[in-house]
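Whole structure, please, built from the sequences with the hints as guidance.
Number of protein chains: 6
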Amino acid sequence: MKKVSEIMTTDVATIPGSARVSDAVNLMRRKGIHTLIVDQSHEQDAYGIVTAFDIVAKVTATGRNPRQVRVYEIMTKPCLVLNPELGVEYAAKLMTSAGIHTAPIIQWNLLGILSVTDILNQGDFLENPQEDALAKQFQALLTTARATCKQNGAASDACRQAWDAVDAVEAEAAYQKAEILEKTAFEEFCEEYPEAFKDREYDTWCSG
Amino acid sequence: MKKVSEIMTTDVATIPGSARVSDAVNLMRRKGIHTLIVDQSHEQDAYGIVTAFDIVAKVTATGRNPRQVRVYEIMTKPCLVLNPELGVEYAAKLMTSAGIHTAPIIQWNLLGILSVTDILNQGDFLENPQEDALAKQFQALLTTARATCKQNGAASDACRQAWDAVDAVEAEAAYQKAEILEKTAFEEFCEEYPEAFKDREYDTWCSG
Amino acid sequence: MKKVSEIMTTDVATIPGSARVSDAVNLMRRKGIHTLIVDQSHEQDAYGIVTAFDIVAKVTATGRNPRQVRVYEIMTKPCLVLNPELGVEYAAKLMTSAGIHTAPIIQWNLLGILSVTDILNQGDFLENPQEDALAKQFQALLTTARATCKQNGAASDACRQAWDAVDAVEAEAAYQKAEILEKTAFEEFCEEYPEAFKDREYDTWCSG
Amino acid sequence: MKKVSEIMTTDVATIPGSARVSDAVNLMRRKGIHTLIVDQSHEQDAYGIVTAFDIVAKVTATGRNPRQVRVYEIMTKPCLVLNPELGVEYAAKLMTSAGIHTAPIIQWNLLGILSVTDILNQGDFLENPQEDALAKQFQALLTTARATCKQNGAASDACRQAWDAVDAVEAEAAYQKAEILEKTAFEEFCEEYPEAFKDREYDTWCSG
Amino acid sequence: MKKVSEIMTTDVATIPGSARVSDAVNLMRRKGIHTLIVDQSHEQDAYGIVTAFDIVAKVTATGRNPRQVRVYEIMTKPCLVLNPELGVEYAAKLMTSAGIHTAPIIQWNLLGILSVTDILNQGDFLENPQEDALAKQFQALLTTARATCKQNGAASDACRQAWDAVDAVEAEAAYQKAEILEKTAFEEFCEEYPEAFKDREYDTWCSG
Amino acid sequence: MKKVSEIMTTDVATIPGSARVSDAVNLMRRKGIHTLIVDQSHEQDAYGIVTAFDIVAKVTATGRNPRQVRVYEIMTKPCLVLNPELGVEYAAKLMTSAGIHTAPIIQWNLLGILSVTDILNQGDFLENPQEDALAKQFQALLTTARATCKQNGAASDACRQAWDAVDAVEAEAAYQKAEILEKTAFEEFCEEYPEAFKDREYDTWCSG
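Residue numbers (UniProt numbering), protein chains in the order written: chain A, 1 to 208; chain B, 1 to 208; chain C, 1 to 208; chain D, 1 to 208; chain E, 1 to 208; chain F, 1 to 208.
Misleading hints may appear alongside valid ones.
Repeated chains share a single entry, so a pair holds when one copy, or any two copies, can fit it.
With a cut-off of at most 30 Å between alpha-carbon atoms, the simulated DSSO-like pairs for lysine-lysine come out as follows [unchecked claim]: (1) Lys3 to Lys58; (2) Lys150 to Lys3; (3) Lys2 to Lys31; (4) Lys177 to Lys136.
By construction, these hints were calculated from the structure, which means they are not laboratory data.
As structure tokens, then:
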């Protein structure tokens with residue numbers, strides 16, 4: 001899975017909140033873009049965002065004069081921000097479940113901007129669908145876990161950590177497909193080796 | 001105010017609902033677009049629409065394989081359609097209040113497609129804000145109404161029709177600005193000429 | 001499937017946006033209706049709508065005096081409009097997915113109004129459920145397609161058009177039932193006749 | 001203000017959750033109604049509701065056969081219920097802010113049903129708008145409070161209770177009109193009689 | 001299933017709508033709670049509610065001074081109320097489907113308050129999941145119905161009433177699990193005893 | 001304004017997505033908390049969250065057995081995350097506008113968790129409302145800007161930067177109060193010194 005930082009646009013246009021909407025329109029038209037970031041006003045401040053949709057919804061649609069409306073009146077602030085390390089598929093979920101088409105990437109500073117169109121054009125979901133990737137990863141981790149536990153014993157810390165990794169990917173894959181897991185691979189392992197891991201904090205597992 | 005037909009894009013890409021999402025992605029990437037129209041399956045059928053957002057939200061974000069998902073599984077159908085004669089400002093309101101970025105224009109046939117970006121770039125809301133246009137129109141109609149009623153009498157049909165036009169634009173302008181009208185220009189006229197229009201169907205006006 | 005024009009109510013009451021809400025209430029009570037259309041103020045203008053729900057929500061519930069509120073303050077404008085040729089089932093989907101109980105039918109002029117109650121009482125979904133109708137239509141089109149291709153050859157335009165019709169109805173039926181199609185009838189045909197249709201614009205089909 | 005019990009419809013049609021949607025349609029058509037109540041299945045159970053909108057949205061619009069869908073598949077349960085003693089204006093707010101057109105009235109048993117149309121037709125909001133009623137009530141309570149405190153002393157329980165009543169109505173009126181109160185009538189009183197009520201639980205009032 | 005009255009908190013803090021938000025904050029902090037009920041202003045009045053979320057959303061997030069905002073400006077009124085007899089599982093559904101974390105319990109008077117946390121901590125859904133309870137209840141009622149009808153005859157009122165009870169619980173269980181019932185237990189019974197119950201108001205059942 | 005890191009809870013409980021909901025309930029009950037974080041399954045993975053509300057809404061309310069439902073089936077993933085440096089007021093806005101009661105704080109690692117109750121109890125919005133803080137900051141920056149420009153000249157970079165700071169805070173304050181600025185302090189300055197800053201990228205300012 002690609003990371004957000006690999007496909008984001010790093011050339012980001014910013015505008016002050018006190019600028020007129022007509023300035024925002026001109027800047028967007030000149031640069032051929034539809035999103036501007038509104039900079040922080042001080043260090044603890046949040047970032048804002050203003051899009052073509054905001055302008056069309058709150059100025060054009062209401063007949064207001066764009067020379068008499070300021071950017072802060074129509075911006076969204078604070079706005080959803082993305083972490084550059086996040087996987088593109090997770091960024092896709094975060095943005096679309098919030099109904100958002102574009103989001104800034106911030107880590108200390110403003111690093112870039114990511115749009116749904118960037119994801120469509122530069123994501124690798126066509127060549128490398130996540131469900132296939134997770135299925136492979138699960139198989140690899142499962143093989144490792146069984147080998148590790150054989151070598152170190154079913155009650156060893158190494159065995160336990162290996163199963164934690166299997167568990168996490170198996171749950172993630174089931175979550176993505178909205179599938180129900182009757183029994184996880186680990187739970188099957190527990191039935192074979194009931195002596196394992198009796199001390200988990202969330203306590204019903206391997207309770208045998 | 002420009003009409004939708006003046007700024008819409010007439011080169012529209014269509015795709016069957018039975019096509020794979022991978023086909024839709026390839027078509028979008030090749031044409032540099034982010035909206036496809038799904039054609040009617042028979043005459044009374046509605047049009048559907050599929051956007052980059054739909055693909056990112058329902059395929060990328062869920063990790064599904066785009067070669068195994070079909071367009072009809074992720075399209076919106078029926079979709080909001082616009083009339084070619086509609087004013088761009090009204091199209092802006094209709095689209096944005098429904099949270100929609102693109103809509104097809106249909107009159108018997110599919111004529112084109114209109115996006116929020118088209119409105120931003122080609123609307124004339126910067127040069128000719130609707131609130132100014134409505135204010136001018138109101139003044140012109142008001143002058144006409146007063147002249148017409150002087151000439152034809154306050155109880156004449158011509159006078160009545162002239163005031164209907166004033167009323168409509170005055171209400172529209174107040175609606176756009178979310179203003180409250182204590183008394184309309186017509187109601188002021190009524191106080192001067194209480195004999196006018198006693199027979200309106202919605203009956204409290206000029207009740208004197 | 002019936003068309004919207006077959007079951008709509010053609011006797012529609014209109015009211016100007018400048019009228020008082022008390023006028024709207026009186027008109028509704030006198031006519032025993034709960035929807036009024038607000039006429040266009042000029043040619044490119046949109047239609048508006050005001051319902052009993054709007055009055056109860058925005059005037060009754062807030063304790064305001066209906067003699068001091070005007071219709072334009074509580075109307076919805078522009079409103080969703082329906083095409084008279086649209087099938088009733090599609091109108092049902094368009095209205096209910098927008099949370100709307102009544103919509104005007106417009107083609108150049110205001111032709112009528114359609115409510116959810118009209119659909120309940122006069123639709124033929126009880127006698128003639130669309131899923132049955134689509135299933136029959138699919139069978140008929142499938143028979144035709146196979147015959148046409150036999151007669152004209154698997155690579156003929158006539159064959160191709162016949163399959164387009166099958167495809168469209170099959171996708172529509174699957175869409176209605178939220179079913180997944182592993183393989184369409186056309187794709188099965190492709191396996192028998194791999195020489196067919198290599199040139200589709202959306203290119204994975206019949207790629208053999 | 002009228003009470004819900006004064007304008008509700010007491011003739012309510014019920015249907016079991018196990019009935020077919022086609023039965024619900026026939027019952028609605030025969031009785032000329034658009035809401036049915038789904039009875040409790042046991043004493044602690046909630047009531048359900050099924051409306052014409054539910055049928056059109058979940059059966060007609062999706063093309064399903066109403067003879068193969070049961071009422072429980074499309075009903076809303078539990079549903080919002082109203083108290084018979086509630087004022088009609090509050091019922092209006094509760095229903096419309098939840099986007100609901102009809103609600104059952106329940107107190108131990110099912111007493112009736114109230115629709116937005118009932119409120120429009122039988123509410124007295126036209127003759128007796130709540131904002132006028134609250135304004136009168138406020139004046140009367142204010143006169144009483146000042147008289148009571150004069151007679152019993154500013155620190156008396158009777159005075160305190162009288163001001164509680166004034167306060168409640170003043171806040172309610174301001175709430176209805178979305179107005180801000182810089183200083184309440186009671187706070188003005190406090191400035192005149194700073195010895196009053198030092199012991200309120202929410203402690204900044206009359207802190208002088 | 002427990003009743004709402006068994007797990008609600010009966011010690012409820014109230015505040016007048018005219019109080020300052022700073023008073024509400026201090027009261028919440030002192031009592032370690034996050035919900036206050038706003039009392040009725042007169043008998044037909046509704047109850048209001050103000051929560052920590054309301055304060056954080058409408059005062060903290062907007063930077064307003066809590067000493068200058070009054071409770072009525074940020075409360076929700078009328079608010080959803082629960083019946084003390086309602087089963088906890090139904091209260092859970094009613095609250096969560098409305099997006100609400102806390103609701104007052106009212107019957108004539110304010111009896112208590114119920115929060116999502118109360119349900120989590122004191123509900124018996126862990127020990128006694130409703131799906132198991134309904135399954136047991138269904139089996140018991142089914143046995144009773146078959147016995148009753150054998151004894152009194154398939155066309156007897158006693159038989160009919162017994163089946164109504166079976167039907168109600170079967171539909172409820174299917175509703176909870178979002179399952180489709182091809183044929184209900186009663187419909188199977190009808191096939192065995194087609195003479196039964198020809199006169200139901202919703203008329204397709206046992207039509208044989 | 002306090003920072004998120006100053007008031008967040010650093011003792012955060014996590015749970016694997018593959019755990020049973022019954023484990024989550026027991027963990028919450030034992031620790032007296034209502035939010036658990038679901039850890040990443042690999043480095044680019046997002047964090048998930050599961051709350052008491054999720055459990056009550058998706059398990060209790062639907063009658064499902066919590067021993068047969070896993071955490072991943074009811075969690076929200078990816079979830080909104082907060083930056084530790086963000087001001088509490090902005091966190092308040094971000095959380096409440098998304099309808100969220102609790103969010104994790106992440107920077108490379110999971111640092112803590114912040115709830116609406118934390119903000120209510122530990123924010124300093126009561127002692128130090130942001131609108132007062134912004135007003136003071138604006139006055140200080142304004143004084144600085146005027147002094148800087150006097151000293152360095154109206155066309156100097158130092159002057160320009162000083163005004164950028166004024167502008168940002170003035171827009172932020174107006175945004176918070178939803179106020180319209182007819183003319184900003186900077187625009188007034190421009191009228192006095194029209195030679196200033198002709199070259200801004202967003203071009204209408206100081207255009208004289």
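Review point. So which of those numbered hints doesn't the model satisfy?
Key: Going through the list in order, the structure violates hint 2 alone and respects the others.
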